[in-house]
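First to last, the sequence lines map onto chains A, B and C. Numbering-wise, the first sequence is residues 143 to 309 according to this note's numbering. Numbering-wise, the second sequence is residues 305 to 401 according to this note's numbering. Numbering-wise, the third sequence is residues 1160 to 1710 according to this note's numbering.
Bear in mind the hints are in silico, worked out from the structure with no lab data behind them. Glycine is no exception: its CB is placed at the ideal position from the N, C-alpha and C atoms. Treat the hints loosely; a few may be bogus.
Each pair of labels, with its calculated beta carbon distance range [to be verified]:
#, chain 1, residue 1, chain 2, residue 2, range
1, C, R1421, A, L175, 21 to 31 Å
2, A, S168, B, D314, 37 to 47 Å
3, C, D1180, B, Q397, 32 to 42 Å
Take a look, some chain C residues computed to stay more than 10 Å from chain A by CB distance [unchecked claim]:
#, residue
4, Q1181
5, E1444
6, E1466
7, R1471
8, K1489
9, D1671
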Amino acid sequence: MALISNGRLTDDPWVTVADEEAVPASGPVIVSLDRWRAERDALLARGGLLGVRLASSQLASEIAADLAHFDLVALEFPTFRDGRAYSTARLLRERYGFAGELRAVGNVLRDQFMFMHRCGFDAFEVADEGQVEAWRKAMEEISVWYQPATDGRVPATALRHFRSAAE
Amino acid sequence: MQVVTANRLDDGAVVYLAENGAWSDRIAGGRLAEGKEDGAALLADAETAVAERKVVAPYLIDVVVEDGSPRAVRFKERIRASGPPVRPDLGKQAARG
Amino acid sequence: MYRYDEFDAILVGQRVAQFRDQVTRRLSGELNEEEFRPLRLMNGLYLQLHAYMLRVAIPYGTLSSRQMRRLADIARRYDKGYGHFTTRQNIQYNWPALSDVPDILAELAEVEMHAIQTSGNCIRNVTSDQYAGAAADEIEDPRIYCEIIRQWSTFHPEFSFLPRKFKIAVTGAPNDRAAVRVHDIGLRMVRNDAGEPGFEVMVGGGLGRTPMIAKTIRPFLPKRHLLSYLEAILRVYNMFGRRDNMYKARIKILIHEVGAERFSQLVEEEWSHIKETPVDLPAGEIERIVAYFAPPAFETLAAHVPEFEDSRRDDPAFRDWVKTNVFAHKQSGYAIVNLSLKPVDGIPGDATAEQMDAVADLADWYSFGEIRVSHEQNLILPHVKQADLYELWKAMVPLGLATANIGLASDIIACPGLDYCSLANARSIPVAQRITRRFEDLRRLHDIGELKIKISGCINACGHHHVGHIGILGVDKKGEEFYQITLGGDATENAALGTLVGPAFSYDTVVDAVETIIDTYLQVREDGERFLDTVRRLGIHPFKEKLYGAH
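Pulled out of the complex, with its shape left as it was, chain A reads as follows (with noise of 0.2 Å):
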């Protein structure tokens, strides 16, 4: 396993703790989703980082109101055909306004990076080390987009009118 983020291969200071392990007195860690809402305020007294994971059905709002407490949010991909969490990124950038680390984990695959960080996802777990060459392909090979999404790239639609305004 590797992490990319923000376009590099980086540590990964981050701990997933499974649901039945206990939670590290210290350092950052991620919880899942159930944990969360089990144990919420004993995690909120620990203080430090907290990050949560969503399983692929488990959607944004389901967490929009606790947004404050996370760093992190780790959005699952069981297999890459499971295109939920592109919705649930979506929302969680655009509608409830998180600004911290946005997760891809899971089925993590080359040809789906450019879709995930439109969507917002800014780390994406991968299977090897390898995988950032790939990544840094995978973002130059498509330059045009017709749509807006949460990257904030100016869609084809929009550029057509910003060159014949200039002229």
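Fit chains B and C to the given chain A structure using the hints.
Below, chains B and C without anything else, positioned relative to chain A:
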């Protein structure tokens, strides 16, 4: 009796597992398996070809031997073996003349 | 018609390069088949019964002559000299090699064509009325909005991994020639009380295993909010559509399970957040696209064209053809011409490379270089002067494109079926061929009148059998091909699903059954009644009796 069939990765053509890891584009060239174990072994052989990027999605089909040649039992597989019946000028059936 | 600007061209070129790289990675083993399959599907490349099959997009069924010539060229050089026009206005090639596909896509990109999102769990080709921009009954050219939707849906980062495929159709006219009511989203242009054009939005139609007619969730949507509203629908579907069972994953199942009213509420709720965001196009961009669909430089012509009237009077074969294949045009002195791809004993929807080249020439000479493809698998020259009709018809006859059967019993929609398709249970093409031979006689065909027969080789219903006046569904009964018959389906604004008449017929008896049904209609019809009207009036009982005997 069974043979293994697949599609060739490069051009999608229908092929049948023959001897020594080779693939024939004729069902007549297909290596016969008799019984479940034999069939499983044949399929395992076919998987090597998948890893070697020769073929895609191999599977076993039932055949009967008629006049010394295997003939697919299922109608769909008979169509795969010969080509689209509605265009006898296309596919394997055309090459046979 | 729409022409690519530099942005469109860059995008399509980059997609070709991306796919070329994906094919290289597949052939080198870096990608296995499981990883490669969704990537090739999103470029329209299937693995079928005999070979790969490439589905090329023909956005809203509109082609230039230049594009048609390229399609012919690809058929000749990379395939076996023909192509198949589909029920979603696309074209399919049945024999491309994987290693050739990047080159095919590059050559398509040169003429502003592609195979993007013609398969996969994403938004597919947006289809429309084949008479758009020419028929008198339309409010506005729906293809403007099809192009707007096409761009918005292309590489949409949020909606590329939907629970299942997603099909959108748009009609600009109240007479629905685009079958919008059996699409995941159907859009029908309407006017509100103030006379302003907008869309009736219908959701959850579809054929296949569980056919359903779409429900109207919004009777009037202002045009400017088209994309934000679609985005809301797709987001609700992406989040809540079922992913546990691929046979229950279409949006129609979601609407069936939560109810149209609840679904509509979810969409309106989501839409309330995004309707003022930049997803809707700025007015300038809409105007830019509208300009591409301005009418061609029509001449000012009289409505009455004596030379046409004379030919029609004097040449009975021409007269027969005009009766069925020529449709009224909104511009005085012009006509819409159907080129039948359903000759007797032919393969419905197939055209040879030579025919495609010839159609391109005819389009240049007679129709401002423009061609359409209908979801009923025929070609159309949309803007022909009535004064040119006789010459055009004479040119079409030796090409095999002038069968006078549009809308008649031999104008059959048929999927490729078991001859080509790995999903099929039975052959559909030879059943269509045999029906056309049985009803070869033009007098008989014209006497029967309008009769839409649609044949599918399996439950996936690519032949649209559920909405055929006579629908035929191929099934596998103990390894043999059998055919179920339904009656009374309708794909128009009066959309209805056909009713099963009874037990299935064998491959050998199904055409006799169809003839029995038609003979029964001829016996019981009232004056001026079409087949569909008779079925609506009497139900299936009289047909059931004749087919299976009294009970």
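Any hints this thing doesn't respect? Which numbers, in order?
-> Hints 2, 4, 5 contradicted; others consistent.
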